[in-house]
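The residues making up each chain are set out below.
2 protein chains.
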Amino acid sequence: MNVDGKQYRGIWVNERDKKLIQIIDQRHLPHKFIIEDLKTLDDAAIAIKDMHVRGAPLIGATAGYGMYLAALECIDLEEAARKLKSTRPTAIDLAWAVDWQLKETKDKTDKAAATFETANKITEEIVEQCRKIGQHGMKLIEDISRKKEGPVNILTHCNAGWLATVDYGTATAPIYAAFDKGIKVHVWVDETRPRNQGARLTAWELLQHGIPHTIIADNVGGHLMQHGMVDMVVVGTDRTTYTGDVANKIGTYLKALAAKDTNVPFYVALPSSTFDWKTSSGMDIPIEQRGDEEVKYIQGKDNSGELTKVLLTPEKSPAANYAFDVTPARLVTGLITERGVCGADKEGIKKLYPEKNG
Amino acid sequence: MNVDGKQYRGIWVNERDKKLIQIIDQRHLPHKFIIEDLKTLDDAAIAIKDMHVRGAPLIGATAGYGMYLAALECIDLEEAARKLKSTRPTAIDLAWAVDWQLKETKDKTDKAAATFETANKITEEIVEQCRKIGQHGMKLIEDISRKKEGPVNILTHCNAGWLATVDYGTATAPIYAAFDKGIKVHVWVDETRPRNQGARLTAWELLQHGIPHTIIADNVGGHLMQHGMVDMVVVGTDRTTYTGDVANKIGTYLKALAAKDTNVPFYVALPSSTFDWKTSSGMDIPIEQRGDEEVKYIQGKDNSGELTKVLLTPEKSPAANYAFDVTPARLVTGLITERGVCGADKEGIKKLYPEKNG
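In order, the protein sequence lines correspond to chains A and B. In terms of the working numbering, the first sequence opens at residue 1 and continues consecutively. In terms of the working numbering, the second sequence opens at residue 1 and continues consecutively.
Incorrect hints may appear among the rest.
Calculated pairs, DSS-like style, for lysine-lysine (alpha carbon to alpha carbon, straight line, at most 27 Å) [as the list claims (entries may be wrong)]:
1) 301/B <-> 32/A
2) 32/A <-> 309/B
3) 132/B <-> 309/A
4) 316/A <-> 147/B
5) 301/B <-> 316/A
6) 316/B <-> 181/A
7) 148/A <-> 49/A
8) 39/B <-> 111/B
9) 83/B <-> 132/B
10) 108/A <-> 18/A
11) 346/B <-> 301/B
12) 108/B <-> 316/A
13) 19/A <-> 111/A
14) 316/B <-> 32/A
15) 83/B <-> 19/B
16) 139/B <-> 301/A
17) 111/B <-> 132/B
18) 309/A <-> 301/B
19) 301/B <-> 49/B
20) 148/A <-> 181/A
21) 83/B <-> 316/A
22) 301/A <-> 121/B
23) 301/B <-> 301/A
24) 18/A <-> 148/A
25) 356/A <-> 32/A
26) 111/B <-> 309/A
27) 19/B <-> 184/A
28) 316/A <-> 184/B
29) 32/B <-> 316/A
30) 121/A <-> 350/A
31) 6/A <-> 346/B
32) 139/B <-> 111/B
33) 184/B <-> 139/B
34) 32/B <-> 19/B
35) 121/A <-> 260/A
36) 301/B <-> 132/B
37) 32/B <-> 309/A
38) 121/B <-> 108/B
39) 260/A <-> 108/B
40) 309/B <-> 301/A
These aren't lab readings, by the way, just hints derived from the structure by calculation. None of the values given here were measured: they were computed from a predicted structure.
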């Protein structure tokens, strides 16, 4: 996607040096655009754990290349897999990518070549899935645009954009596709506390692409929906059960409740790698708890242009930091996948993925 | 209430100089405790408009003293009333206090003496109402504490504490009363973006009083309720219709939806001055829109101890800043008033306030 007019992805192999994986260190956006080199398994594990990269599909792609970097270091791949899987508990794409690597390269002698090929395959599959999600979701936006004057107002939470998914995004893919087709859209961007992925990343992406958008505090969406100012909600997901329960960034559940209460359609966009084919209730999905410093401190650009961290709370007050919540399937209008749109229930999902058990 | 062991109120008359009104400039909390002098009508209007003071009852008290300061300046009181009423549109206590002043002092020759007396009366009435709200609400907490092990977990949004109400608070009054009676409580403090009144003010108040609490992002409450970690929600209100619709800090509606969805009781605490006896639907309450800089920038303490403002978003991304939302009466378990607890409906409210028409 566009960054100052140049094409980028969320992760890529350096053109001249195939042993060098590169990412955008997203912690510095939107203020600084910093490219980071990943040369070792540890580099990849830290990039995932400390959220230089984030977003379920991009975590998957980074873990895929992490296995390749481990192979270059002659580290046992089973051990590398354990290390990568332990970085973050909620995103299931992480396990999907690592297990794919293990399976594909088990019988190969040249582990480096095999893991490189597989990492590229994983990445291309994610990109292609996101492109298709964009095409299927775009039709939903188009349908709404035919029935109203003015832009289609879409609310999204967190960043499920190209920064989260190598390219296109999941929740944003339909928005980009609609905009590129000339359909008028306007995006309400939830700030997404405490890490502000909406205000920092989604807003930045949309700005780079020229898509009209407005940042709002996470508290605002319900009010907008009550007043007919939202035509559709689209979010991503870190893990969706085969029964349609959706684990996504903390606060998603609240927006889904408001959408239900005000009859606004609430869609979840995901590639099939984000389905959990084994877990039947969303309440069984492990929810990551992160450090309280993410709530108590925030980084921004001060008036001298420097990135500065400031304390927002009384120093001695404790804070809790649950990173995800689960939106029950009953609140979800539909799932936008690479194979089409389906209901958020066992039957709907099975119709699109008949080869899966569960 | 306590500040480093010393008793304070949200507004007071200077002991030695009766022409000097003093407030805590709440913009600097929790990092700095700064007392501000109000000497003129303009000082009072700016303090309200720019939120040196905030919270419906404290806005009322400040407007009451603002009328007194206007009288000292020999400004026409009708004109002063118009000026004060125009500072903020949603809190109805503002009009209540100003109209009380106009009515009470209409036929008085010594306007200064009359407005001073009335401002004191307004303030004492607010304090006494909050004290009684504490007593009535405390019983609800006590009831829950009898049925469970461990502390009663109470979630609150924004600051409806003593900082918002001269003394005791509205939503916090029952918490202080329960804690002082020896009932174990723990408070989940919603950060309350964009102005962070929860993370800055409620947390600071509770810390000063020694009440166990945990700050959370506004996104977290739904998850906590889904997991049985909230026994009760209590919030304040800026205006409640005689039919029970509740205008309160933006985001309140989302918490009320989650409480309903998870069967957690959702209470609203208010003195009768916050009732709107003329408006039947909450959707007719004017909702203040504030500047986008409150969303895009935030102030905190940097590592040199200075208060620093930082930019959180792309510079060119616009932001919207709706300050309040309306929680429909159907989501409210009960109203805690100075006369007792009632249902959030016309009949329940009328039973407590039979002298009111509407």
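Check: Among the hints numbered above, which are violated by the structure, and what are their numbers in rising order?
Finding: As far as the earlier hints go, 3, 4, 7, 9, 11, 12, 16, 17, 21, 22, 24, 25, 26, 27, 31, 32, 35, 36, 39 are violated by this structure, in ascending order.
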